[in-house]
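K.L.:
Once you know that position 96 of the sequence shown is 93 in the working numbering, the rest is easy, because the numbers rise by one and skip nothing.
Careful: at least some of the hints might be erroneous.
Said to hold, decoys possible - Result set (BS3-like, lysine-lysine): computed pairs, CA atoms no more than 25 angstroms apart in a straight line:
id: 1; residue 1: K282; residue 2: K200
id: 2; residue 1: K317; residue 2: K282
id: 3; residue 1: K217; residue 2: K197
id: 4; residue 1: K38; residue 2: K73
id: 5; residue 1: K279; residue 2: K317
id: 6; residue 1: K200; residue 2: K73
id: 7; residue 1: K217; residue 2: K200
To be verified - Beta-carbon label-pair distances, calculated as ranges:
id: 8; residue 1: S123; residue 2: A285; range: 50 to 56 angstroms
id: 9; residue 1: P115; residue 2: A285; range: 36 to 42 angstroms
id: 10; residue 1: S61; residue 2: C32; range: 16 to 22 angstroms
id: 11; residue 1: L128; residue 2: E168; range: 43 to 49 angstroms
id: 12; residue 1: L44; residue 2: A23; range: 19 to 25 angstroms
id: 13; residue 1: S61; residue 2: T118; range: 39 to 45 angstroms
id: 14; residue 1: A299; residue 2: S109; range: 55 to 61 angstroms
id: 15; residue 1: Y106; residue 2: H161; range: 37 to 43 angstroms
id: 16; residue 1: E275; residue 2: I18; range: 26 to 32 angstroms
id: 17; residue 1: H209; residue 2: G122; range: 49 to 55 angstroms
These are computed hints drawn from the structure, not numbers from a lab.
We put the beta carbon where it would ideally sit given N, CA and C, even for glycine.
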Amino acid sequence: MYWGASCGGCEIALVNLHERILDVDAAFDFMFCPCLLDTKKKDVEALPDGAIAVTLFNGALRSSENEEMARLLRRKSRLLIATGSCAVEGCIPGLANLRSREELIEGVYLDSPTLDNPQGTLPVGSSLTPLGALELPSLLPRVKTLREVVPVDYLIPGCPPESHQLWNALEAVILGELPAPGSFLGAGEGTVCRDCARTKEDKSIGRLYRNHEIEPVAGKCLLEQGMICLGVATRGGCGAPCPDANMPCSGCYGPPEGVADQGGAMIAALGSIIDPGEHRGKGEKELALRLEEFLDQVPDYAGLLYKYTLPGSVLGGRVKR
């Protein structure tokens, strides 16, 4: 289990298998997992190609080291599975694609309001010390998904994946009951709306609310109450725990089957449910003003609509592929 540009939640999801972790241990030997084992890169390099039965690769590719490990683990693994939103679509690290590598470095090391760096020191690739040269991996020009660099056999969505769905994916590997290569494991068909038990009626909303601005009515569709719930544009399978807890779906399972761009799908959904109010039946100019007024209630389009999918989306970010 490799850890790229990610938070570590996918490792926690594995531990949250609880007693089923014993079934995983019975089926496999853990041989590489940086947060659990001290296996070195040279140990992986020494293995014959294809010696690893399955690698769960979580995390996006942000550095040259991430890219190098992706190529190495692809070579050594019979099955390479992109695990979690970061590996599948880029996730939170992927929002960095809205800035260039140089802008990011300046923001972190030179312009941060809490910074104490009067000399303007920036990281360098190699530094000589009395004990030898210290090497740092370089930042890639843009965050990449795993599929952009190496062929991927299967994908497990989620931030992190729900543990029961992670188990379903591992069980399919153990039993040899895998679907066609390239399929999503540990996910459902349709959207989160299909999983959600809230009552859904005709949607027509006059304004949008941020989560802290409204106490939602129990049992009623959150989108119909003006909360931006991405369930209509998100792959199902999680069981809809967020709407069940009065929180709108933020889209971590990525776009559903047949949808190329999650953000675009959500924009289309919003456009179809705006209540024109007093502008109904008026001219194009008035309707455009109403639309602008409505959309101004969204504080951060990219962070809301592409929180989990920017690198893998049609847009990809401002930094070109």
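K.L.:
Against each hint, give a clear statement of whether it holds in the structure.
P.N.:
Hints and how they fare:
In summary, the hint linking K282 to K200 is supported, as the alpha carbons are separated by about 24 angstroms, within the 25 angstroms threshold. At most 25 angstroms may separate the alpha-carbon atoms for a hinted pair to count; K317 and K282 exceed this at roughly 34 angstroms. Pair hint K217 plus K197 holds up; C-alpha atoms about 7 angstroms apart against a cutoff of 25 angstroms. Note on K38 and K73: the hinted pairing holds, with a Cα-Cα distance of about 12 angstroms set against a maximum of 25 angstroms.
With a CA separation close to 40 angstroms, the supplied pair K279 and K317 exceeds the 25 angstroms bound. Between K200 and K73, the direct Cα distance comes to roughly 50 angstroms. Violation of the 25 angstroms bound is thereby established for this hinted pair. Proximity of K217 to K200 is assessed by CA-CA distance (about 11 angstroms); at most 25 angstroms being required, the pair is judged to hold. The hinted range of 50 to 56 angstroms is satisfied by S123 and A285, whose Cβ atoms lie roughly 55 angstroms apart.
Between P115 and A285 the beta carbon distance is about 50 angstroms. The supplied range of 36 to 42 angstroms is therefore violated. Between S61 and C32 the Cβ separation comes to about 21 angstroms, which falls inside the hinted range of 16 to 22 angstroms. Distance hint check for L128 and E168: the Cβ-Cβ separation is about 47 angstroms, which falls inside the suggested range of 43 to 49 angstroms. Under the hint 19 to 25 angstroms, the C-beta atoms of L44 and A23, about 22 angstroms apart, fit the expected range.
About 21 angstroms separates the C-beta atoms of S61 and T118, a value inconsistent with the hinted range of 39 to 45 angstroms. In this structure the hint that A299 and S109 lie 55 to 61 angstroms apart at CB is violated, the actual value being about 21 angstroms. For the pair Y106 and H161, the beta carbons lie near 42 angstroms from each other, so the given range of 37 to 43 angstroms is met. Taken as a hint, the range 26 to 32 angstroms is violated for the pair E275 and I18, whose Cβ atoms sit roughly 59 angstroms apart.
The hinted range of 49 to 55 angstroms is not satisfied by H209 and G122, whose Cβ atoms lie roughly 44 angstroms apart.
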